[in-house]
Amino acid sequence: MFQNVGEILMLLWRTAWALPMTWRQRRKVFDQLFEIGNASLLMACLLSLFIGGVLALQTGPVLAERGLTSFIGQIVGLSMCRELAPAMMAMLIAGRIGSSMAAELGSMTVYQEIDALRSMNINPIQYLVLPRLVAISLALPVLVVFSILIGWLGGAVVSVYNYQIAISYEGYFNSLRDGIDLIDVVNGLFKSAAFAVVIGLVSCHQGLHTIGGPRGIGRSVTKAVANSIILILILDYFLTRLLMHLD
Amino acid sequence: MNATAQQGVNLRARDVCKSYDGQRVLNGIDFHVERGEVFVLMGPSGSGKTVLLKHLIGLEVPDRGEILIEGQPIHSPGVVDRYRLAMVFQSGALLNSLSVADNVGLYLSEHRLHPPETIARIVTEKLALVGLKGIENKLPSELSGGMKKRVSIARALVIEPQLILYDEPTSELDPLIAVTIGAEILRLNKRIHVTSIVVTHDRELAFGIADRIALMNEGELIALGPPDQVKANPHPLVQRFLQADFRFNPESITP
Ligand SMILES: Nc1ncnc2c1ncn2[C@@H]1O[C@H](COP(=O)(O)OP(=O)(O)OP(=O)(O)O)[C@@H](O)[C@H]1O
Ligand SMILES: [Mg+2]
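Top line first, the protein sequences correspond to chains A and B.
Just so we're aligned, residue 1 is where the first sequence starts under the numbering used here, counting upward by one.
Just so we're aligned, residue 248 is where the second sequence starts under the numbering used here, counting upward by one.
The set of hints was computed from the structure by calculation and includes no laboratory data.
For glycine and all other residues, C-beta sits at the position ideal for the given N, C-alpha and C.
Watch out, some of these pointers could steer you wrong.
As the list claims (entries may be wrong) - From the structure, some residues in chain A lie toward chain B, with a derived Cβ separation under 10 Å:
#1 66
#2 107
#3 169
#4 171
Claimed, not checked - Label-pair distances were calculated between CB atoms; the ranges are:
#5 31/A x 318/B: 55 to 63 Å
#6 238/A x 291/B: 28 to 36 Å
#7 372/B x 222/A: 50 to 58 Å
#8 392/B x 211/A: 22 to 30 Å
#9 170/A x 389/B: 54 to 62 Å
#10 318/B x 233/A: 50 to 58 Å
#11 31/A x 262/B: 24 to 32 Å
Work out the full structure: start from the sequences and follow the hints.
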């Protein structure tokens, strides 16, 4: 996996160079955005609702025992926006979108479609990688905003209806408002944008380097998802350290 | 259209070598193709024909040796654009996410060479050239293998190339269409003098259209010359390859 890091950075560099062409490829960016939204929005909502819920469920009773229920909103709110929403949405997108990018580019590589593009003097990075990378980098932060809001809601529902916690909506959201600054949300969005770039690059790179026929496509997909998730978790730690340092 | 577009280009491969993972696929390939010539390349499966074509159009860089178009190295700036090289891929290589019309017009639309209406007209015209009508809005997955092949020939023609490389243009085609495609290759060659390099396993096609034939085996050219000369080549591999047929001697097949 790590011998590819150089190639992946190279791909990042070349895509960055192609960025001025984004406007020309806007149709494809929209298509990709639509596809990403279509494939992941519902799942993201469901996932976030339950993550928020389980957070409240795990922390609530312990806090309630010690009479600290006024912190539940804050704990759920902070963990959601600083950590769980960006990380979980990144995993979801790696699984749903990264895999399909790797499969699509992989099959294009195997069936000589990439060669055909190049033979027509069409740069596959501009034509294929750029719109995907731009779309995923726009979509993931938006998805994370959704996820944060719905996660908060999930936490609220559990905090109110679970008999061991049983606080009011008002109490929950007051605690949440007191405990969270805009900067916390921005932190999460910054991380998610970085994760999006990782997913897009790893998946496109893996797809474009597919060898060995249809079986190779399957291998590329698995590798793209696994490598994305590993890199996301490693990057998550270091970004968190960095952001703490900046605070 | 500029003047040179009516001429075709000459091509020279000089001592081309290529290995993948230490395995030699091309081993000192050396030949030239004249302007407007139909050059047929034959050889057993896996002998490196497709790899050679990819080198000829500049998709791969040789480990050693070079490809010259009109005397200029293929990778020097502007050569591919100026001389317009096109390749018809073995599998057709149509973009599965685009309609037939978008596939055929891709070169023009992506390089913004014409307004959309003109592109649509050119696309219909080129599709008609390969005998296809009214399939502009279909997706490649809705076409038969032979139709895909012909669409991909149309896509190559849109470039107005001076050199076309055909990778097995008649595989997957029924004999009637195969003959049509063969005739089409010749007609294009005669009409616009495009230089054509055709890879094929189809011996009738090869001997029907070739000005010269080259036979390739394990990354080397083992015979090269006009059809009659190649037919008379005494090299045992050449004779085996050219004479292999289905008329088995029943006694030689043990159950
Ligand atoms: N990108 C690559 N990486 C590694 N090996 C390759 C690559 N491309 C081709 N080869 C190898 O090169 C050899 C020649 O392949 P090529 O596709 O040129 O054969 P071919 O003559 O076109 O055969 P066919 O008639 O079946 O199409 C094969 O052994 C193949 O495995
Ligand atoms: Mg081949």
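For each hint, the structure was consulted:
no. : hint                      : in the structure
1   : 66                        : violated (57 Å)
2   : 107                       : holds (8 Å)
3   : 169                       : violated (47 Å)
4   : 171                       : violated (52 Å)
5   : 31/A x 318/B: 55 to 63 Å  : violated (44 Å)
6   : 238/A x 291/B: 28 to 36 Å : violated (54 Å)
7   : 372/B x 222/A: 50 to 58 Å : violated (45 Å)
8   : 392/B x 211/A: 22 to 30 Å : holds (24 Å)
9   : 170/A x 389/B: 54 to 62 Å : holds (59 Å)
10  : 318/B x 233/A: 50 to 58 Å : holds (55 Å)
11  : 31/A x 262/B: 24 to 32 Å  : violated (46 Å)
Violation of the numbered hints given earlier is confined to hints 1, 3, 4, 5, 6, 7 and 11; the remaining hints are satisfied by the structure.
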